[in-house]
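Asks: Taken in order, these protein sequences are the chains called G and F. Those letters in the first sequence? Residues 1 to 412, by the working numbering. Those letters in the second sequence? Residues 1 to 412, by the working numbering.
Among the clues, some could well be false.
No distinction is drawn between identical chains; accordingly, a pair holds when it is met within one copy or between any pair of copies.
Restricting the straight-line Cα-Cα distance to at most 35 Å, the calculated cross-link-like pairs of lysine-lysine (DSBU-like) are [what the hints assert, rightly or not]:
1. Lys2 with Lys84
2. Lys158 with Lys365
3. Lys409 with Lys343
4. Lys241 with Lys182
5. Lys266 with Lys383
No lab work stands behind these hints, which were simulated from the structure alone.
Spelled out, the chains give:
There are 2 protein chains.
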Amino acid sequence: MKTASIVSIGNEVLSGQTIDTNASYLSGELLAIGIPVVSVYAIGDDIDSIARAFCLAAGDGDIVLATGGLGPTDDDVTREALAKFLGSKLVFEEKLLRKIEDFFERRTVEMSPRNKVQAYIPVGSKALENNIGTAPGIMAQAQGKLIIALPGVPSEMKQMFEESVLERLKEVAGGQALAVRKLKCFGAGESSIAELLGPLMQRGRDPLINSTACHGVITLHIVATAGDEDAAKEMADEDEKLLLNMLGELVYGTGEQTLAQVVGQKLRQGNKTLAVAESCTGGILAALLTDVPGASDYFMLGWVTYSNSAKISELGVGAELIEKYGAVSEPVAVAMAEGARRKGGTDYAIAITGIAGPGGGTEQKPVGRVYISVVWAGRSETKGYFFSGDRDSIRLRAAQTALNILRLKLMI
Amino acid sequence: MKTASIVSIGNEVLSGQTIDTNASYLSGELLAIGIPVVSVYAIGDDIDSIARAFCLAAGDGDIVLATGGLGPTDDDVTREALAKFLGSKLVFEEKLLRKIEDFFERRTVEMSPRNKVQAYIPVGSKALENNIGTAPGIMAQAQGKLIIALPGVPSEMKQMFEESVLERLKEVAGGQALAVRKLKCFGAGESSIAELLGPLMQRGRDPLINSTACHGVITLHIVATAGDEDAAKEMADEDEKLLLNMLGELVYGTGEQTLAQVVGQKLRQGNKTLAVAESCTGGILAALLTDVPGASDYFMLGWVTYSNSAKISELGVGAELIEKYGAVSEPVAVAMAEGARRKGGTDYAIAITGIAGPGGGTEQKPVGRVYISVVWAGRSETKGYFFSGDRDSIRLRAAQTALNILRLKLMI
Numbered sequence: 001m002k003t004a005s006i007v008s009i010g011n012e013v014l015s016g017q018t019i020d021t022n023a024s025y026l027s028g029e030l031l032a033i034g035i036p037v038v039s040v041y042a043i044g045d046d047i048d049s050i051a052r053a054f055c056l057a058a059g060d061g062d063i064v065l066a067t068g069g070l071g072p073t074d075d076d077v078t079r080e081a082l083a084k085f086l087g088s089k090l091v092f093e094e095k096l097l098r099k100i101e102d103f104f105e106r107r108t109v110e111m112s113p114r115n116k117v118q119a120y121i122p123v124g125s126k127a128l129e130n131n132i133g134t135a136p137g138i139m140a141q142a143q144g145k146l147i148i149a150l151p152g153v154p155s156e157m158k159q160m161f162e163e164s165v166l167e168r169l170k171e172v173a174g175g176q177a178l179a180v181r182k183l184k185c186f187g188a189g190e191s192s193i194a195e196l197l198g199p200l201m202q203r204g205r206d207p208l209i210n211s212t213a214c215h216g217v218i219t220l221h222i223v224a225t226a227g228d229e230d231a232a233k234e235m236a237d238e239d240e241k242l243l244l245n246m247l248g249e250l251v252y253g254t255g256e257q258t259l260a261q262v263v264g265q266k267l268r269q270g271n272k273t274l275a276v277a278e279s280c281t282g283g284i285l286a287a288l289l290t291d292v293p294g295a296s297d298y299f300m301l302g303w304v305t306y307s308n309s310a311k312i313s314e315l316g317v318g319a320e321l322i323e324k325y326g327a328v329s330e331p332v333a334v335a336m337a338e339g340a341r342r343k344g345g346t347d348y349a350i351a352i353t354g355i356a357g358p359g360g361g362t363e364q365k366p367v368g369r370v371y372i373s374v375v376w377a378g379r380s381e382t383k384g385y386f387f388s389g390d391r392d393s394i395r396l397r398a399a400q401t402a403l404n405i406l407r408l409k410l411m412i
Numbered sequence: 001m002k003t004a005s006i007v008s009i010g011n012e013v014l015s016g017q018t019i020d021t022n023a024s025y026l027s028g029e030l031l032a033i034g035i036p037v038v039s040v041y042a043i044g045d046d047i048d049s050i051a052r053a054f055c056l057a058a059g060d061g062d063i064v065l066a067t068g069g070l071g072p073t074d075d076d077v078t079r080e081a082l083a084k085f086l087g088s089k090l091v092f093e094e095k096l097l098r099k100i101e102d103f104f105e106r107r108t109v110e111m112s113p114r115n116k117v118q119a120y121i122p123v124g125s126k127a128l129e130n131n132i133g134t135a136p137g138i139m140a141q142a143q144g145k146l147i148i149a150l151p152g153v154p155s156e157m158k159q160m161f162e163e164s165v166l167e168r169l170k171e172v173a174g175g176q177a178l179a180v181r182k183l184k185c186f187g188a189g190e191s192s193i194a195e196l197l198g199p200l201m202q203r204g205r206d207p208l209i210n211s212t213a214c215h216g217v218i219t220l221h222i223v224a225t226a227g228d229e230d231a232a233k234e235m236a237d238e239d240e241k242l243l244l245n246m247l248g249e250l251v252y253g254t255g256e257q258t259l260a261q262v263v264g265q266k267l268r269q270g271n272k273t274l275a276v277a278e279s280c281t282g283g284i285l286a287a288l289l290t291d292v293p294g295a296s297d298y299f300m301l302g303w304v305t306y307s308n309s310a311k312i313s314e315l316g317v318g319a320e321l322i323e324k325y326g327a328v329s330e331p332v333a334v335a336m337a338e339g340a341r342r343k344g345g346t347d348y349a350i351a352i353t354g355i356a357g358p359g360g361g362t363e364q365k366p367v368g369r370v371y372i373s374v375v376w377a378g379r380s381e382t383k384g385y386f387f388s389g390d391r392d393s394i395r396l397r398a399a400q401t402a403l404n405i406l407r408l409k410l411m412i
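Hey, can you work out the whole structure from these sequences and the hints?
Replies: Structural data, given as structure tokens:
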């Protein structure tokens, strides 16, 4: 099996300013074509450190993917470092300069003379086109390893990887096949799911099953390896079926699906519409729903009734309800949802009211207390929840939980 | 100057499933106490690879901070790898086991026998308490370097770092002082700001000034080093003043401030209120505003009028306006903002309408076209924008731009 090592270059990666998303993006892409990443080296903009990292990475993997340090400024020294590692020199390529000049011309921006440095690449290496930025990538071979340097700007890096690198790496990977499936779950913690799956999650098992958690969404990864693609796919499919059976409605989707996408699909299929009324989540539920292209087919409108008077004037919540039970209460959640459904003229409505903190909590209603109500055709389901974590987590968790409640309703 | 190297341990870091936020958190914390991180090594759960990474890291820095691999499962091998690197053996500590047992007892959960492995640490090293999880950390010294292993779960890692590691590292750092300032800018690109600042951003200058960009927000970092704290602070303050003068109203805040926080502060100071009406941003603007604790002081309510009929019924936008100019147009943006201000009874109102894509664009109104209107006391400012990027970027950029327009209004 071919393996890869990643080199992340740039002082910003080491100063805590930038989270290195390039490494995780490349790791995921490589794994998907059957090339596991075995190590990642992050170093600053220093020629010797970078050259040493190239050396270490080439020792670890068959492929070395570097990002960063290809820009036009003084601290962009990946070109020099790569030449040093390769034992070659930088050479000026007229053709590259013309492409960089074209880039500025198209934008009717004058090129700074210092961009000229980006037209230099190590002798014997190949430039990779950058269609959305000025930094060309570099591909070289050394010691039987394939070395690829990509820009550090994530959008440029991704586009170059997809357009000029991926196909080449698939060829390199040839001969081994890997099938990856992802199951997305909501409604149980990571440890409960691990408990449910028991020995299936044992290390060393093939397919390998592992889990990651993010704001209540548990993603189960099934990674099957085999001699050919069909065999790997079959193994992965079998495990996927097994997990779906074991986890039932805890699984809401596959791949990169979000809860909002799944809810949207079900609404669209049923030709149903939705309105939402939010207090503590302050627009997050609507934002999640409208994050899905084409959401206008089923999502009609939302209210962020942050103040009590907005709950009364916009959603028709009774002032006496708020007085008697408080804005964070089951009756107010129901009234908000009913008001949203009535005013929106939709099939379904969701309302959320709660205390996201850090202030505003009391002994009876602590920070994290949230009421969620879903109403449809004269019926409703309303429940109180307690979410732990900070303001962000509580808000996101509440919005996701609301989507999950509607998902389960729409499954019936 | 003392330096540090970070070792991130875990297959999940290499599979692209988990973005390594631990490394960037630790890098930032270390830099803030004057210990720059010079390298990061990420490797999988393999004893030899981890031991080698410890070795490389100890070669790079005076301090080695490792995260991950301290859990109770078979693939948690950081303990063994650290013992191997130190040339010592693992020893069972009764006291540690009792703490782990206590942890389960407090939660009235039965301890799994496999948690017992967490009570082993290398001979001669010191355990670090974990108050919110079961994995104790480990601190050891070798070859004149300080080696610290922390859990991989971010919340446990952070708490342990703050409670048991930070003070010790401050002692180690002693003798050098560092002052860091951050200026947050909006309204110009990273390269334009670099152009404006010119030689100030030169590499090697002290204070060092560099920039990072995220969804239109440019963060300028000023890092000053000196023999003592006062001198470093003075240098950083001087540069901060210089930059503020040069960049003027491009700078919206300092530190970790968001545009929504700054807008909120200004509204609160002026005792003003705000309502928002969103179409393409679908709740993001409201979510950003309500992300700020206490936003209920000035943020009254928001509408996500995704459908045309919602724009008409909820905000009183004239149907003929939509017919004549389209929902994505300047007149409709103004009408939405005016409707929101009137119905919300607020001092200010913002409205956003646009095409976030990927579908829905036309030649006249391509994906990325967004109209933003801000109205107040019988006056309004409305403008058409064109944002590039994907749906996510366009939506976030539109919402941030709207906040920036209001910020500039509130400065007058």
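Asks: Hint by hint, where does the structure go against what was stated? Just the numbers, ascending.
Replies: none
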